[in-house]
Amino acid sequence: MPTKTIAISYEGEGSMIQRPDPEGFRQWNRKKNKRLVDKLMTDEEAIERFVKSGDYLGFELYGTVRCPMTLTRALVRSGKTDFRVAGQGVHELDMLLATDRIREIDFTYIGLEVYGVDSNVRRAVESGKVKNVVEWSNAAITWRFKAAAMGVPFIPAKSMLGTDTLRRSAAKVIECPFTGEKVCLIPALVLDVGFIHVSRADKHGNSQIDGISGFAFEMSRACKRLVVSAEEIIETDEIRAHPDRTIIPYYLVDSVVHAPYGSWPGEMAGYYERDEEHYKMYVEKQATAEGMAGYVQEWIFDLPNHKALLEKVGMDHLRGLNIRGDWL
Amino acid sequence: MPTKTIAISYEGEGSMIQRPDPEGFRQWNRKKNKRLVDKLMTDEEAIERFVKSGDYLGFELYGTVRCPMTLTRALVRSGKTDFRVAGQGVHELDMLLATDRIREIDFTYIGLEVYGVDSNVRRAVESGKVKNVVEWSNAAITWRFKAAAMGVPFIPAKSMLGTDTLRRSAAKVIECPFTGEKVCLIPALVLDVGFIHVSRADKHGNSQIDGISGFAFEMSRACKRLVVSAEEIIETDEIRAHPDRTIIPYYLVDSVVHAPYGSWPGEMAGYYERDEEHYKMYVEKQATAEGMAGYVQEWIFDLPNHKALLEKVGMDHLRGLNIRGDWL
Amino acid sequence: MSEKYSSSELLICLASRIMEDGTTAFIGTGIPMLAASLAQSMHAPNLVAVFEFGGTGAILEKLPLAVGDMRTFNKAVHASGICDIMETSQRGFIEYGFLGGAQIDMYGNLNSTAIGDVLHPKVRLPGSGGGNDVGSCCWRTIAVMPHDKRRFVQKIDFVTTPGYLTGPGAREEAGLPHGTGPYRVVTSLGVLGYDDKTKRMKLLSVNPGVTVEKVVENTGFDLLLEKEISHNPPPTDQELDILRTKIDPDGLYR
Amino acid sequence: MSEKYSSSELLICLASRIMEDGTTAFIGTGIPMLAASLAQSMHAPNLVAVFEFGGTGAILEKLPLAVGDMRTFNKAVHASGICDIMETSQRGFIEYGFLGGAQIDMYGNLNSTAIGDVLHPKVRLPGSGGGNDVGSCCWRTIAVMPHDKRRFVQKIDFVTTPGYLTGPGAREEAGLPHGTGPYRVVTSLGVLGYDDKTKRMKLLSVNPGVTVEKVVENTGFDLLLEKEISHNPPPTDQELDILRTKIDPDGLYR
Numbered sequence: 002m003p004t005k006t007i008a009i010s011y012e013g014e015g016s017m018i019q020r021p022d023p024e025g026f027r028q029w030n031r032k033k034n035k036r037l038v039d040k041l042m043t044d045e046e047a048i049e050r051f052v053k054s055g056d057y058l059g060f061e062l063y064g065t066v067r068c069p070m071t072l073t074r075a076l077v078r079s080g081k082t083d084f085r086v087a088g089q090g091v092h093e094l095d096m097l098l099a100t101d102r103i104r105e106i107d108f109t110y111i112g113l114e115v116y117g118v119d120s121n122v123r124r125a126v127e128s129g130k131v132k133n134v135v136e137w138s139n140a141a142i143t144w145r146f147k148a149a150a151m152g153v154p155f156i157p158a159k160s161m162l163g164t165d166t167l168r169r170s171a172a173k174v175i176e177c178p179f180t181g182e183k184v185c186l187i188p189a190l191v192l193d194v195g196f197i198h199v200s201r202a203d204k205h206g207n208s209q210i211d212g213i214s215g216f217a218f219e220m221s222r223a224c225k226r227l228v229v230s231a232e233e234i235i236e237t238d239e240i241r242a243h244p245d246r247t248i249i250p251y252y253l254v255d256s257v258v259h260a261p262y263g264s265w266p267g268e269m270a271g272y273y274e275r276d277e278e279h280y281k282m283y284v285e286k287q288a289t290a291e292g293m294a295g296y297v298q299e300w301i302f303d304l305p306n307h308k309a310l311l312e313k314v315g316m317d318h319l320r321g322l323n324i325r326g327d328w329l
Numbered sequence: 002m003p004t005k006t007i008a009i010s011y012e013g014e015g016s017m018i019q020r021p022d023p024e025g026f027r028q029w030n031r032k033k034n035k036r037l038v039d040k041l042m043t044d045e046e047a048i049e050r051f052v053k054s055g056d057y058l059g060f061e062l063y064g065t066v067r068c069p070m071t072l073t074r075a076l077v078r079s080g081k082t083d084f085r086v087a088g089q090g091v092h093e094l095d096m097l098l099a100t101d102r103i104r105e106i107d108f109t110y111i112g113l114e115v116y117g118v119d120s121n122v123r124r125a126v127e128s129g130k131v132k133n134v135v136e137w138s139n140a141a142i143t144w145r146f147k148a149a150a151m152g153v154p155f156i157p158a159k160s161m162l163g164t165d166t167l168r169r170s171a172a173k174v175i176e177c178p179f180t181g182e183k184v185c186l187i188p189a190l191v192l193d194v195g196f197i198h199v200s201r202a203d204k205h206g207n208s209q210i211d212g213i214s215g216f217a218f219e220m221s222r223a224c225k226r227l228v229v230s231a232e233e234i235i236e237t238d239e240i241r242a243h244p245d246r247t248i249i250p251y252y253l254v255d256s257v258v259h260a261p262y263g264s265w266p267g268e269m270a271g272y273y274e275r276d277e278e279h280y281k282m283y284v285e286k287q288a289t290a291e292g293m294a295g296y297v298q299e300w301i302f303d304l305p306n307h308k309a310l311l312e313k314v315g316m317d318h319l320r321g322l323n324i325r326g327d328w329l
Numbered sequence: 319m320s321e322k323y324s325s326s327e328l329l330i331c332l333a334s335r336i337m338e339d340g341t342t343a344f345i346g347t348g349i350p351m352l353a354a355s356l357a358q359s360m361h362a363p364n365l366v367a368v369f370e371f372g373g374t375g376a377i378l379e380k381l382p383l384a385v386g387d388m389r390t391f392n393k394a395v396h397a398s399g400i401c402d403i404m405e406t407s408q409r410g411f412i413e414y415g416f417l418g419g420a421q422i423d424m425y426g427n428l429n430s431t432a433i434g435d436v437l438h439p440k441v442r443l444p445g446s447g448g449g450n451d452v453g454s455c456c457w458r459t460i461a462v463m464p465h466d467k468r469r470f471v472q473k474i475d476f477v478t479t480p481g482y483l484t485g486p487g488a489r490e491e492a493g494l495p496h497g498t499g500p501y502r503v504v505t506s507l508g509v510l511g512y513d514d515k516t517k518r519m520k521l522l523s524v525n526p527g528v529t530v531e532k533v534v535e536n537t538g539f540d541l542l543l544e545k546e547i548s549h550n551p552p553p554t555d556q557e558l559d560i561l562r563t564k565i566d567p568d569g570l571y572r
Numbered sequence: 319m320s321e322k323y324s325s326s327e328l329l330i331c332l333a334s335r336i337m338e339d340g341t342t343a344f345i346g347t348g349i350p351m352l353a354a355s356l357a358q359s360m361h362a363p364n365l366v367a368v369f370e371f372g373g374t375g376a377i378l379e380k381l382p383l384a385v386g387d388m389r390t391f392n393k394a395v396h397a398s399g400i401c402d403i404m405e406t407s408q409r410g411f412i413e414y415g416f417l418g419g420a421q422i423d424m425y426g427n428l429n430s431t432a433i434g435d436v437l438h439p440k441v442r443l444p445g446s447g448g449g450n451d452v453g454s455c456c457w458r459t460i461a462v463m464p465h466d467k468r469r470f471v472q473k474i475d476f477v478t479t480p481g482y483l484t485g486p487g488a489r490e491e492a493g494l495p496h497g498t499g500p501y502r503v504v505t506s507l508g509v510l511g512y513d514d515k516t517k518r519m520k521l522l523s524v525n526p527g528v529t530v531e532k533v534v535e536n537t538g539f540d541l542l543l544e545k546e547i548s549h550n551p552p553p554t555d556q557e558l559d560i561l562r563t564k565i566d567p568d569g570l571y572r
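Going line by line, the protein sequences match chains F, C, U and A. Be aware that the first sequence starts at 2, since it is given in the working numbering, and climbs by one per residue. Be aware that the second sequence starts at 2, since it is given in the working numbering, and climbs by one per residue. Be aware that the third sequence starts at 319, since it is given in the working numbering, and climbs by one per residue. Be aware that the fourth sequence starts at 319, since it is given in the working numbering, and climbs by one per residue.
Chain F on its own, in the form it takes in the complex (with noise of 0.2 Å):
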């Protein structure tokens, strides 16, 4: 038939820090393991196994809400850097931009939500230090991870129209074929590693998450390497005897962590509250590069691993944020 066409109405401007690569993802999803073997290990051998300086990460869900706090503490700490990561982020992404970790970031929303403005990313974007900023809406990014777990180039969708958003995005946007509505077209986005902290885990990585499940379905499917931290490990006949609650299958997943209070100090839904405290005195804390660099030596360098943390913190303390009456 004669080749018609449609037009590509606009192209953003910002430059594409992640390539989409669905052939290349296919490859390497082919050669991941199959078999259900054992992923257990510790927070540092997760981040020496699996993290190299120069990659692409996300973390899930984000912040102070079950985020994966205890793995972000041993990246830290593991002198890892330079890297590129996709900024629906609040106080994990604090950690790696106050320590000079991060050069490029697809930036959707780094902030402390109603703690309002985060002095981290101010000092780090408007110094320089991170060298490449792109824009994008919150859906959008998580599109973006739902194009790549689809396993196609990209997804369409009528966000970011018409903004300096979509301008400073790596999105275009087409005449679609059926109706001849515009529609903004979302490339897709794959991790080199993504970090996702679940309610409980399996030693072969199947995970269950209670409450919201955020973008953990998405994203865990838009990696090419995922750690899992859990607050619990349970046997897989629990898995088994329950299907239909896990959302990450063990073959996606390369490292389990027990990390019991792994979002501390953040939240978990059925587990704990977050620890608001501390959080506060965090807020003020970050106001100042002083104030931040302290907490950074005192509350990831001079802290050997996550058992550390917990006895610093203190188990009568953590005990008084639990939810669940039997929880440790």
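Incorrect hints may have been included.
[Unchecked claim] Pairs of lysine to aspartate or glutamate residues, derived as DMTMM-like cross-links and limited to a Cα-Cα distance of at most 25 Å, are as follows:
hint, chain 1, residue 1, chain 2, residue 2
1, A, Lys564, C, Glu277
2, F, Lys5, C, Glu176
3, U, Lys393, C, Asp211
4, A, Lys393, C, Glu277
5, F, Lys5, C, Asp22
6, F, Lys32, A, Asp339
7, F, Lys286, U, Asp568
8, U, Lys545, U, Asp514
9, U, Lys380, C, Asp238
10, F, Lys204, F, Glu49
11, U, Lys393, C, Asp238
Hints were generated in silico from the structure; no laboratory data involved.
Put chains C, U and A on the given structure of chain F with help from the hints.
Chains C, U and A only, in chain F's frame:
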């Protein structure tokens, strides 16, 4: 900026039985009732109020598995006709085909699985009683629901490419503006009425499904009107106690029908197995037009409602199918 | 404090009064959460609160501190994820959306990305977050912000979230869903809407003790005025009582 | 019956022997289910069975009768839905895919849609179902079917599911994922593969008591022959014992 274009490298010649119309769907959804109201009613009332002849219909899951068979029988009894359907189906579409209620089919699979070719679809299509058949793959038809559920006019896929299935579909192929690869664009499909059988629902329509969810998530979000039948009606407090078990929120639902054994003769995970004895009998009957006519007369037209069906099948026989000890 | 109520409490009451019962509202952190909660206790018991990361129909017993925290799906009818919520909004199910920003222009476009050149920002702001998505797909958006010349400007530095863009027809031309757009701006000085024809911001009512002149003085663009500008009643004792005893007992917004 | 095993049992054993341990297989109804189950009991305990409507990693204790029935997620590691499974396949996670059809050509293209003109079919067949998706995105597809001239034809009436289409490079040109395509055809007469260069079907081995000539006679197109055509060993006693006592005790496929 100068307008660039991308090639539409192929267009299926099949007709678009139901046109994608995201704007119209948005207007419809805006008007849907967002209040928690009691939507419990009988199967007859649900069909009477929410289905009209000529509607485009869809059923979930299919045939012998968690299938809205009670609603299907009520639909046949209603005498409404000239339907257009999304033809991922087995036992449920047989009833409509045998009674000459279907004019157009977006066809993916209509057969008897291990029991082979479906005689009803052969008679209905080969005779020309079904006026229009458009071909799709199972993934493609589900992605059509998914696109509608996402509120976009299409989603890309790597299926159907290069085949007569694509030629006889209404999909299009374009070159990806990001990677240059050819992708198949699957148009959104919004049902006039969807029918889904679930494990549990409250009177408002909040629904839970045990085990695999088939395409309930996508299809429930791609309906103008949605009729849900449920094995059990539960209190809204039970829904609110486990909001992460809800797969269909109430505001999508127009009608809730309490139909224990509502999937019979099909199975219901967690409740009962399929009635293999009845199904084998059915497979023989459906081989001839006469046999099928007799089956429909005996099992649909001669029975006024679901209660009468349960009495005819017999509670002892039904209990013999139970896999859940405490079930009825 | 000297007054009977705080400026935050006034904003919360004004925002809550706007929301109709039996509708859905996309709720962000802060004042919108309290406004929705207050509306539920006052005139809109059937207001459905929807939160970005998956909470739908929660009973807001405790004040959520984050759009994804466990209070956003407390006794909710559905706890899903961000894609389901954003796509539900894209499908046209969400009536009201709350927005904020550092700058707003006469067409209701909002900037929450950067002050100055975005490539070398004077101030790097938190970014779009879900703002752009709310501003794109919710039917009616409500902006809540303090009112001064630094925020209400002729030209915002960056259009993070779409208002009416460059005016009538611009949203449709850009491909945004038809019939959507800015509805109200609730500020420390009054409540503003938009002119149907020109899509320009228009003063509808002033807050207690505020004159029309003061609003105009504190607005950096040519503000349209409703024929009869009404006076917003101050928070009622009932509103304040519910806010202080039930919704915000810790007085975070006192 | 006279023989020591049925023709179905032979097909099941031949198909099961092809699957490697530690891989994933997209399983349809019928023979593939028994083949996968047998492989798990024999040489491939770590073979992951994936079912179209959401079952992943089930322990196949009872023979599923439908691709969505509860046995397809019996003690599974994950019970999701068709989109998740099809997208997992589209993402490249599924190694083997089983296919069937009424007609197959020399490039492994399959017809399960219609005999005759699809618009006025002599026989309307069940349609693609998941077949086209399996044939599009699984890395290696295995077709299982009876072998005769009516089924193995020069030109099939309708290309429901893609094989190598019109030959080398055609799949890539059509936009299908690179490196995917037909791998084996297991038939009542033997096992066939495809020539790397021409992508045409090639006889690799014959079943017990079957001659190369017989296969050629029963094939409606010019069949390539492997240099040394081997003989498929019949089902072993162990295979038959597992099949009859453990996998198919009711003898549905005896």
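Checklist line | 25 Å limit on alpha-carbon distance, applied to hinted pair A:Lys393 and C:Glu277 | finding: holds (22 Å)
Notebook entry, point to check: Within a Cα-Cα threshold of 25 Å, do A:Lys564 and C:Glu277 meet the stated pairing?
Noted result: holds (20 Å)
Check: Do the alpha carbons of U:Lys393 and C:Asp238 lie within 25 Å of each other, as the hint requires?
Finding: The given pair, whose Cα atoms are some 8 Å apart, holds under the 25 Å limit.
Checklist line | Agreement of F:Lys204 and F:Glu49 with the hint, judged by alpha carbon distance not exceeding 25 Å | finding: holds (19 Å)
Note to self: Next pair to validate is U:Lys545 with U:Asp514; report whether the Cα-Cα distance is within 25 Å.
What the structure shows: With a Cα-Cα distance of about 14 Å, the restraint between U:Lys545 and U:Asp514 holds, given a limit of 25 Å.
Check: Are the Cα atoms of F:Lys5 and C:Asp22 separated by 25 Å or less?
Finding: The hint holds at about 22 Å.
Margin query: Hint check: F:Lys32 vs A:Asp339, CA-CA at most 25 Å. Holds or violated?
Written below: Given that 25 Å is the threshold and the Cα spacing comes to 14 Å, the pair holds.
Checklist line | Proposed proximity, C:Asp211 with U:Lys393 (alpha carbon, max 25 Å) | finding: Between U:Lys393 and C:Asp211 the Cα gap is close to 20 Å, so the pair holds against 25 Å.
Notebook entry, point to check: Between F:Lys5 and C:Glu176, does the CA-CA distance stay at or below 25 Å?
Noted result: Holds: F:Lys5 and C:Glu176 sit about 11 Å apart, inside 25 Å.
Note to self: So if I understand the rule, the pair passes when the alpha-carbon distance is 25 Å or less; does F:Lys286 with U:Asp568 pass?
What the structure shows: Holds. F:Lys286 to U:Asp568 sits at ~23 Å (cutoff 25 Å).
Checklist line | Hint consistency between U:Lys380 and C:Asp238 [alpha-carbon to alpha-carbon, up to 25 Å] | finding: holds (18 Å)
Hint check: no violations occur; every hint is consistent with the structure.
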